[in-house]
Amino acid sequence: MPFIDESPTMSPQLCAPQGPDGETVSPTPLLAGGDIEKGLEMKRLVLSGFLASEEIYINQLEALLLPMRPLKATATTSQPVLTIQQVETIFYKIQDIFEIHKEFYDALLPSIQQWDEKVTVGHLFQKLASQLGVYKAFVDNYKVALETAEKCSQANSQFQKISEVSSSPPLLSPTALLYKPIDRVTRSTLVLHDLLKHTPKDHPDFPLLQDALRISQNFLSSINEEIDPRRTAVTTPKGEARQLVKDGFLVEVSESSRKLRHVFLFTDLLLCAKMKKTAVGRHQQYECKWYIPLADLTFQTLDDSDACPSIQVLPEHEIEEMKIKISVLKNEIQKEKVILFPGIWSPIQFNEFYVATSNQTQPDRSCVLSSVELQVLTSSCFKLRTVHNIPVTGNKDDEETPGLYGFLHVIVHSAKGFEQSANLYCTLEVDSFGYFVSKAKTRVFRDTTEPQWNEEFEIELEGSQYLRILCYEKCYDKSMLNKDDNEIVDKIMGKGQVQLDPQTVQSKNWHMDVIEMNGIKVEFSMKFTSRDLSLKRTPSKKQSGVFGVKINVVTKRERSKVPYIVRQCIEEVEKRGIDEVGIYRISGVATDIQALKSAFDTNTKDILVMLSDMDINAIAGTLKLYFRELPEPLLTDRLYPAFMEGIALSDPAAKENCMMHLLRSLPDPNIMTFLTLLEHLKRVAEKEPINKMSLHNLATVFGPTLLRPSESESAKGQHITSASDIWSHDVMAQVQVLLYYLQHPPISYAELKRNTLYFSTDV
Numbered sequence: 001m002p003f004i005d006e007s008p009t010m011s012p013q014l015c016a017p018q019g020p021d022g023e024t025v026s027p028t029p030l031l032a033g034g035d036i037e038k039g040l041e042m043k044r045l046v047l048s049g050f051l052a053s054e055e056i057y058i059n060q061l062e063a064l065l066l067p068m069r070p071l072k073a074t075a076t077t078s079q080p081v082l083t084i085q086q087v088e089t090i091f092y093k094i095q096d097i098f099e100i101h102k103e104f105y106d107a108l109l110p111s112i113q114q115w116d117e118k119v120t121v122g123h124l125f126q127k128l129a130s131q132l133g134v135y136k137a138f139v140d141n142y143k144v145a146l147e148t149a150e151k152c153s154q155a156n157s158q159f160q161k162i163s164e165v166s167s168s169p170p171l172l173s174p175t176a177l178l179y180k181p182i183d184r185v186t187r188s189t190l191v192l193h194d195l196l197k198h199t200p201k202d203h204p205d206f207p208l209l210q211d212a213l214r215i216s217q218n219f220l221s222s223i224n225e226e227i228d229p230r231r232t233a234v235t236t237p238k239g240e241a242r243q244l245v246k247d248g249f250l251v252e253v254s255e256s257s258r259k260l261r262h263v264f265l266f267t268d269l270l271l272c273a274k275m276k277k278t279a280v281g282r283h284q285q286y287e288c289k290w291y292i293p294l295a296d297l298t299f300q301t302l303d304d305s306d307a308c309p310s311i312q313v314l315p316e317h318e319i320e321e322m323k324i325k326i327s328v329l330k331n332e333i334q335k336e337k338v339i340l341f342p343g344i345w346s347p348i349q350f351n352e353f354y355v356a357t358s359n360q361t362q363p364d365r366s367c368v369l370s371s372v373e374l375q376v377l378t379s380s381c382f383k384l385r386t387v388h389n390i391p392v393t394g395n396k397d398d399e400e401t402p403g404l405y406g407f408l409h410v411i412v413h414s415a416k417g418f419e420q421s422a423n424l425y426c427t428l429e430v431d432s433f434g435y436f437v438s439k440a441k442t443r444v445f446r447d448t449t450e451p452q453w454n455e456e457f458e459i460e461l462e463g464s465q466y467l468r469i470l471c472y473e474k475c476y477d478k479s480m481l482n483k484d485d486n487e488i489v490d491k492i493m494g495k496g497q498v499q500l501d502p503q504t505v506q507s508k509n510w511h512m513d514v515i516e517m518n519g520i521k522v523e524f525s526m527k528f529t530s531r532d533l534s535l536k537r538t539p540s541k542k543q544s545g546v547f548g549v550k551i552n553v554v555t556k557r558e559r560s561k562v563p564y565i566v567r568q569c570i571e572e573v574e575k576r577g578i579d580e581v582g583i584y585r586i587s588g589v590a591t592d593i594q595a596l597k598s599a600f601d602t603n604t605k606d607i608l609v610m611l612s613d614m615d616i617n618a619i620a621g622t623l624k625l626y627f628r629e630l631p632e633p634l635l636t637d638r639l640y641p642a643f644m645e646g647i648a649l650s651d652p653a654a655k656e657n658c659m660m661h662l663l664r665s666l667p668d669p670n671i672m673t674f675l676t677l678l679e680h681l682k683r684v685a686e687k688e689p690i691n692k693m694s695l696h697n698l699a700t701v702f703g704p705t706l707l708r709p710s711e712s713e714s715a716k717g718q719h720i721t722s723a724s725d726i727w728s729h730d731v732m733a734q735v736q737v738l739l740y741y742l743q744h745p746p747i748s749y750a751e752l753k754r755n756t757l758y759f760s761t762d763v
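Per the UniProt record's numbering, the sequence shown starts with residue 1, numbered consecutively.
You can take every hint at face value.
Straight-line Cα separation of at most 27 angstroms, DSSO-like style, residue types lysine-lysine; simulated pairs: (1) Lys-246 / Lys-289; (2) Lys-274 / Lys-246; (3) Lys-597 / Lys-682; (4) Lys-561 / Lys-597; (5) Lys-753 / Lys-561; (6) Lys-495 / Lys-692; (7) Lys-541 / Lys-624; (8) Lys-491 / Lys-692; (9) Lys-474 / Lys-575; (10) Lys-289 / Lys-527; (11) Lys-72 / Lys-151; (12) Lys-542 / Lys-597; (13) Lys-575 / Lys-561; (14) Lys-508 / Lys-541; (15) Lys-127 / Lys-201; (16) Lys-624 / Lys-542; (17) Lys-605 / Lys-556; (18) Lys-692 / Lys-575; (19) Lys-550 / Lys-624; (20) Lys-197 / Lys-383; (21) Lys-259 / Lys-289; (22) Lys-118 / Lys-38; (23) Lys-289 / Lys-692; (24) Lys-383 / Lys-246; (25) Lys-72 / Lys-102; (26) Lys-136 / Lys-72; (27) Lys-682 / Lys-550; (28) Lys-541 / Lys-597; (29) Lys-624 / Lys-687.
Just the calculated beta-carbon pair ranges, DEER-fashion: (30) Ala-155 / Ala-750: 47 to 55 angstroms; (31) Ala-750 / Met-275: 45 to 53 angstroms; (32) Lys-72 / Tyr-749: 47 to 55 angstroms; (33) Arg-567 / Thr-386: 46 to 54 angstroms.
No lab work stands behind these hints, which were simulated from the structure alone. We put the beta carbon where it would ideally sit given N, CA and C, even for glycine.
Could you build the full structure based on these sequences and the hints that come with them?
Right, here's the structure in full:
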């Protein structure tokens with residue numbers, strides 16, 4: 001999707017939807033046979049959303065025209081506010097644009113109100129596209145109009161007052177309103193893409209919509225050729241535009257192998273990607289290998305005094321010792337990632353860039369991207385890249401071990417090798433897109449040299465290749481408080497990792513292993529369950545319980561709107577877990593979760609006592625397990641395809657219309673439970689500075705659980721072969737659906753049911 005800078009002070013940049021290599025593309029229709037009825041409904045939703053935004057756009061144009069009439073009237077008097085030339089410059093072509101869209105709106109409205117399979121709208125969009133010459137004149141005059149309006153506002157207090165009074169809403173000044181036509185052309189083009197996706201090829205609208213899209217894309221391309229492109233990627237979590245500064249190819253040395261990489265230098269981070277191999281006919285894709293926030297990059301430079309150190313003559317035996325040390329060091333370095341910079345910048349140039357930009361942008365040291373943010377950013381690299389020609393490479397395929405997607409079950413048994421008694425615990429980490437993320441933590445075993453944890457954890461993997469175990473000594477000394485976060489720093493005793501070999505791990509049996517670190521040996525077992533198997537929903541045979549039982553059965557039995565288990569787990573997490581670092585990401589102990597599951601299933605009387613005594617991560621894990629074991633996902637099998645299509649819509653107004661319509665289509669217990677969970681997750685994310693869980697992180701945790709294709713839908717997608725393709729194809733969309741609702745203003749059940757298909761969505 002194109003990214004438009006909403007600032008009215010920028011030069012207009014109109015973006016035609018493009019393919020990975022920069023060419024404009026025509027969407028492929030998704031309809032066949034029995035999908036036609038569903039496609040017509042999606043088309044109606046797209047048009048309804050667009051009509052709502054068109055109404056707002058017309059009102060904004062009217063607000064922009066409101067001060068024009070009195071200003072023109074006074075221009076010929078003895079005391080003009082503005083000259084005729086200034087008025088005509090500022091409001092150039094606005095009247096024409098208003099009339100074009102008013103006529104379009106008046107013609108489209110009856111078609112939506114009397115919607116059926118015979119309704120045609122293609123001729124309306126074709127006529128709208130044919131009038132883009134007026135927009136060309138507007139764009140050519142845009143910069144001068146903006147400068148004139150700002151100068152007049154500064155120089156003439158009367159004009160400034162007229163502007164403030166006439167703006168509707170008052171927060172939109174004429175300079176802000178002037179930007180609206182710039183944005184509208186791209187929005188209309190996005191709607192054409194959405195309409196073509198859901199229009200059968202044999203429908204009378206199809207060729208007309210295609211022609212309108214062709215005209216619009218040609219128009220946008222011609223405009224863009226005249227404007228210096230702003231190479232803007234997605235916005236950062238703080239809302240700032242992330243700009244691509246430079247990109248190029250380099251060679252990365254990892255595990256003694258040389259890998260060709262495409263590196264993208266943004267204003268706040270450095271991203272390294274590899275080109276993925278895709279099936280014939282599919283667009284090429286990038287896969288992120290790692291990224292580094294610029295704030296974390298450091299380069300060592302030599303002082304002038306050290307530039308030419310004096311050469312000392314060393315004895316022969318010392319030289320031999322140094323050779324041995326160099327050999328050992330070389331082997332260690334080869335195990336880490338080393339970058340060679342033949343095709344982008346040298347470390348000195350990077351350092352110069354960092355010094356230059358840090359004075360302006362001051363990169364955020366907390367720049368950690370969630371999976372969905374990283375996927376969106378990596379996807380945008382094709383559109384943003386400036387270097388297209390791949391350097392000459394060898395014939396050897398760049399095959400790498402694919403990461404694992406699913407659930408890793410780990411039992412941390414015991415540890416030996418400690419020299420003296422201490423309070424000991426372990427944390428478990430797995431890698432995800434080059435970064436290790438903490439996923440589990442054992443309890444503290446007090447005052448011992450041989451801790452016996454024997455605790456089992458279920459860890460979710462997202463393309464992971466390594467399991468890392470870190471052993472800590474728990475510190476209770478308040479003098480060890482960290483000044484930055486006011487937390488006591490525990491002493492790390494050792495760190496080690498093992499590679500997650502798919503052949504070994506994917507066995508049904510437990511695989512026992514030992515990690516050695518600083519003389520310490522940690523014994524553990526692990527086995528792996530693929531995502532498809534772990535999320536397979538098996539209805540419970542005991543309808544008296546809550547796990548594996550349909551949500552409407554549970555709420556009817558309890559005479560409640562939201563299941564008791566959901567309400568109690570949320571209440572406990574908000575009471576004492578909302579500040580917990582990694583809440584919902586850190587796994588609870590499996591035996592604790594199973595104990596809570598059994599208690600809820602049997603409706604144990606002392607469930608509240610159990611909850612108050614239980615580790616908070618186990619309670620969070622129980623809530624996740626409940627949603628995962630529902631016979632049908634919370635957002636239902638029936639609506640899954642529609643959610644996937646809705647989140648893929650390009651036009652924001654159409655997407656809003658569709659996504660709200662889908663929520664209303666859910667059964668009442670599902671809606672109430674989803675809205676309850678949604679508001680809870682938003683409250684958790686409000687504590688992100690403390691618990692490190694952003695909306696993106698929470699969407700990644702819950703998205704694939706709440707939204708999951710049925711077995712029949714999964715069967716349709718079996719042409720996608722690799723695990724990483726399955727994850728990026730299905731799970732990324734599921735995450736984006738939940739993220740959409742999490743980022744949406746509060747949604748109340750009453751308002752959701754009361755609203756019509758028309759939403760007041762800003763354009």
